[in-house]
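Student: Using the hints, position chain B against chain E.
Protein chains: 2
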Amino acid sequence: MAEKVTIADVARHANVSRQTVSNVLNSPEIVREETRQRVLQAVEELGYRVSQAARRLRTGRSRLLAVRAEHTQDGMNVFDRFLHGLTESAGLAGYRVILYTAQDGPSEIEAFDDLLGTYEPDAFVLTSTDYGDVRTEWLAGRGLPFVTFGRPWGTPGGGSHPWVDVDGAAGTAAATRHLLDAGHERIGFVGWTRGSGVGDDRRSGWVRALGDRPLLERDTDGSAAMGEAAARELIAAGATALVCVSDAVALGALQAGDVPVIGFDDTPVARAIGLSSLAQPLEEVARACVDVVTTILDPDKPGARRGGPPYHVLLEPSLVIRKDPR
Amino acid sequence: MAEKVTIADVARHANVSRQTVSNVLNSPEIVREETRQRVLQAVEELGYRVSQAARRLRTGRSRLLAVRAEHTQDGMNVFDRFLHGLTESAGLAGYRVILYTAQDGPSEIEAFDDLLGTYEPDAFVLTSTDYGDVRTEWLAGRGLPFVTFGRPWGTPGGGSHPWVDVDGAAGTAAATRHLLDAGHERIGFVGWTRGSGVGDDRRSGWVRALGDRPLLERDTDGSAAMGEAAARELIAAGATALVCVSDAVALGALQAGDVPVIGFDDTPVARAIGLSSLAQPLEEVARACVDVVTTILDPDKPGARRGGPPYHVLLEPSLVIRKDPR
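Chains as they are written, first to last, in this note's numbering: chain E, 1 to 326; chain B, 1 to 326.
Next comes chain E alone, as it looks inside the complex (with noise of 0.2 Å):
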């Protein structure tokens, strides 16, 4: 390996002391103009770069964001496509992505309280908000930096924190849409069991694009068999067409008989079995996400977000159509 290259090398190449270069580094208003210039040559020259560490003691900064490594045994789900986003987007604003694990709400506050007492990460960015959410709770409470992806459920007005989130609603009342467009009128809703902020969401897309169309719709736990219970059962009752709050579900609907069926996430299943789904624009989350946090981090920065606090930003997803729904 290229010896790395130190302070005092930088100092040797500009001709001054290890304590001007210093000057330069952390004061540059001490210095003057002439040998600051010499010193930020050398430093180009040599391809000097300050270490995290010693960055993180003198600016308080750790250029860390940490995430949740997320683990869906049973879903089919698009995680990786976001943290591929988040990373990369962090990398071009000079931040890394830091990962810990938890299990639910309580043990991800612990692993909060791990991190800023050791790797001391600038901000976080959570995901998987719901009702109730501790996690937000705790991290406000303490002033610390955060965005979610995901709304603060039940809250009204969207509360105080930064988030970005995508419009669920949108996407399934413009999957409803489509299918009345093609002219079916009794269009059912494969869901999640009641209670849960995305899945309440996007029950209340299609409920708003039905009008007084009756409202045919089942419940499931999101497995692909209870997605095709349920899309029997909606079938029996008349559905002629099933908009599903999962591609999961919605692969299980599939299976229920020969109705047009519109999932949610554009897995990489829908692409692979000709599933039209809606598709959320998780690049864009991430970039959004790491605008947010590094705006309220730095709020000078050059491209910071306009507007100021809260920082609420709202997506929306698209509809990608596979199959003609008549």
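Warning: the hint list may mix true and false statements.
Remember, identical chains collapse to one label, so a pair may be satisfied in a single copy or spanning two.
Computed list of lysine to any residue pairs in SDA-like fashion (alpha-carbon distance at most 25 Å, straight line) [as the list claims (entries may be wrong)]:
| # | residue 1 | residue 2 |
| --- | --- | --- |
| 1 | Lys301 | Glu33 |
| 2 | Lys301 | Gly143 |
| 3 | Lys301 | Asp114 |
| 4 | Lys323 | Ile273 |
| 5 | Lys301 | Val16 |
| 6 | Lys301 | Ser204 |
| 7 | Lys323 | Gln255 |
| 8 | Lys323 | Arg232 |
| 9 | Lys323 | Ala225 |
| 10 | Lys323 | Gly274 |
Since the hints were derived computationally from the structure, they do not count as laboratory data.
Tutor: Below, chain B alone, put in the same frame as chain E:
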């Protein structure tokens, strides 16, 4: 937020100087036993934690393992499970995972170089190895600690660098034997274009298990669409059962006709649609990767891996049968 406990707090609490606290933490052998005990008790009572930044500067260790965030737009992958397992195992060993992104080998090497100059990860965990991997050469040439999930393909004897892998050939051989036991004699293979280490390995187990029987096979680009086309040709050529290089092509093959199909990777979609598949023990792979790199970093640690370098760990996939192949 509770105020952070500092060395000064510990010193006050133990009624010693800050230098003494520092000595206890860094050079305990020079401190009297009675004083040492008092300081350690204060450390414990106050919950004092050494910031990683300070520890980094003192020990030369960042306690970070760097991993590339993967992102397969088209495939159905299991990277999120591996990453979750890695984060969990790393946490138990006192390390955290830091992410980076890269498009290809050379840009990944740029990412190494950048990380080494800034966050200074202690080791790298590489995924998706292939023939003539430039990344491992770069890291090995610089004496940097790393382990790969995946063998150094094309290197006789498994090469000299540490790796953890899953025996794909053993998996497809088991799948093929399972179909032979059910009475099938003409078992086709739907593969990837030759020249990928993983794909060639998976194919070789099918070849081995078939013995003298005819080799009915087709290559694909890995898509479900090509999997379906390939399966149609193989069935037309007389195949009565199919072993597939991935769940994605297996998903296509299932549409081609009513013959038993076995996929590879046991993705969520396999579980959702009842596809038989080969499951990689990803949590075990992740644990072994962490064991190997932390042993390299600290050969005398409790629970260090036995046997000494090169650490080569080959794990068996398990055959998950969801349909009777008769």
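Student: Any hints from earlier that this structure breaks? Give me their numbers in increasing order, please.
Tutor: Hints 5, 6 not satisfied by this model.
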